[in-house]
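For the protein sequence lines, the chains are A and B, in the order given. Following our numbering, the numbering of the first sequence begins with 16 at its first residue and continues without gaps. Following our numbering, the numbering of the second sequence begins with 11 at its first residue and continues without gaps.
One thing to keep in mind: the hints can contain errors.
[As the list claims (entries may be wrong)] A partial selection of chain A residues facing chain B, derived with a Cβ cut-off under 10 Å: (1) 24; (2) 31; (3) 32; (4) 35; (5) 38; (6) 42; (7) 118; (8) 121; (9) 160; (10) 197; (11) 220; (12) 238; (13) 240.
[As the list claims (entries may be wrong)] To be clear about the criterion: a stretch of chain A counts as covered by chain B if any three or more of its residues have a C-beta under 8 Å from a C-beta of chain B, and this derived list gives those stretches: (14) 43-54; (15) 97-107; (16) 145-151; (17) 161-175; (18) 199-208.
Just so you know, these hints were derived from the structure itself, not from any lab. Every residue, glycine too, gets a C-beta built ideally from N, C-alpha and C.
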Amino acid sequence: MTEPVVFTAAGIRRGMVASIPLLFGLAPFGLVCGITQQGVGFSLAETVLMAALVYAGAAQLVVLGTWTHPAPILAATLTTLVVNLRMALMGPVLAPWLDRMRGWRPWVSLFTLVDPSWALSVRDMNAGGRDGGYLLGVGGMMWVNWIVTSVAGHLLGAAIRPPPGHPIFFAALAVFVALLVNLWRGKLDLLPWAVAGAVAAATARLLPGTSWYMLAGALAGSLAGALRDARRSGS
Amino acid sequence: MSLDPWTAAAILGMAAVTYACRAGGYWLFRQITPGPMLRAVLSYIPGTLFVSFVVPALLAGRAHTAVGTVATLAAAAWLAWSLA
C-alpha cells in the first residue's frame with residue numbers, strides 16, 4: 016500500500032489485454048443470451064439495447080426465462096434487482112482503487128463492473144496493482160464483447176433454435192465455475208465456501224423460483240468466515 | 011429494427027436497478043466508515059457469492075451439468091496453474 020493509486024491509459028490498456036483470454040470463455044454466454052432474446056421475440060434493436068444498458072448476463076437470462084407479452088416491466092425490474100444485488104457487495108471491495116479515482120472515473124468504471132472484470136481486478140489489486148484504469152479496461156472490453164456476441168447470438172438464434180435444457184445453456188454456469196478457481200485463496204476459504212453452498216442450497220429449496228439464495232449464501236458464508244477470524248484473533 | 015414500448019420500458023427498468031446495484035453499494039460504503047468486521051465480511055464476498063450461484067444450479071442440474079462442471083474446474087485449474 017505504499018505507492019499511490021493512479022488511473023492511466025497504460026492501466027486501461029493492461030486491463031484490456033488481461034481481458035482477452037476471458038472474452039473467449041464469455042462468448043458462449045453472450046451467444047446464449049442473444050439466442051434466448053431472439054427466442055422470446057426480441058427485435059435486433061431490443062437485443063442491442065438490453066445488452067448495452069443492462070449488461071448483466073445472469074439477470075438477463077433469469078428474466079428472459081419468464082418473459083411474457085406485453086413485457087413484464089415490474090417483474091423484470093424486481094428480478095433484475097435481486098439477481099444483481101450481489102453487485103452492490105462487489106463495488107465496496109474495490110474501494111481502495113475507487114476511493115482515489117476523481118470525477119467520472121469511478122462511476123463510469125462501475126457501469127462496466129461485471130463478475131469477471133471484478134474478479135480480475137480484485138486479484139490485480141491484491142497482488143499490489145495500483146492502477147484503477149485496469150477495471151475500466153477489462154470492463155470496457157467485456158461490454159463491447161457482450162454487445163457483439165449478443166447480436167451474433169440473436170442472428171444465430173433464428174438458425175438453430177435450441178430447446179430449453181440444451182447443453183449449450185451450460186455456458187452460463189461454466190463462466191462462474193471457472194471464476195471460482197481464480198478466487199480460491201487456500202484453507203481459510205473452506206469454511207465460508209461450505210457455509211455459503213449449504214445456505215444457498217437450502218434457500219433455493221425453501222424459496223423456489225426466486226434468486227434470494229445467492230444473497231443468503233454469500234452473506235451467511237462471509238459472516239461465518241469473518242466471525243471465525245475475529246474469534247481466532249480475539250482470544 | 012422495431013422497439014416495442016413495453017419491452018423498452020422493461021429494459022430501462024432493468025438497466026436502472028442494475029446501475030443502482032453497481033454504483034449504489036460503493037456509494038453507500040463511502041457514506042459509512044467500515045470497521046474490521048465489515049471489511050472481513052467483504053473479503054469473503056467474492057468466493058461465497060459464486061459458490062452460492064453454482065451449488066444450487068449443480069444440485070438442480072442433470073448428469074451433463076455435473077460432468078461439465080468437473081471438466082470446467084479441471085480446465086480452469088490447469089490454466090491457472092500453467093499461467094502462474
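Hint-by-hint comparison with the structure:
1. 24: violated (23 Å)
2. 31: Where the cut-off is 10 Å and the nearest Cβ of chain B is about 18 Å from residue 31 of chain A, the hint is violated.
3. 32: violated (14 Å)
4. 35: violated (13 Å)
5. 38: Residue 38 of chain A check fails; min Cβ-Cβ to chain B is 14 Å, beyond 10 Å.
6. 42: violated (15 Å)
7. 118: violated (14 Å)
8. 121: Hint on residue 121 of chain A: holds, closest Cβ of chain B at ~7 Å, below 10 Å.
9. 160: violated (18 Å)
10. 197: Result: holds, 6 Å to nearest chain B Cβ.
11. 220: holds (8 Å)
12. 238: holds (6 Å)
13. 240: Interface hint status for residue 240 of chain A: holds (4 Å vs cutoff 10 Å).
14. 43-54: With 0 residues in contact (Cβ-Cβ under 8 Å with chain B), the coverage given for the region 43-54 of chain A is violated.
15. 97-107: holds (count 9)
16. 145-151: violated (count 0)
17. 161-175: Violated: only 0 residues of the region 161-175 of chain A have a Cβ under 8 Å from chain B.
18. 199-208: holds (count 5)
Checked against the numbered hints above, the structure violates hints 1, 2, 3, 4, 5, 6, 7, 9, 14, 16 and 17; every other hint is satisfied.
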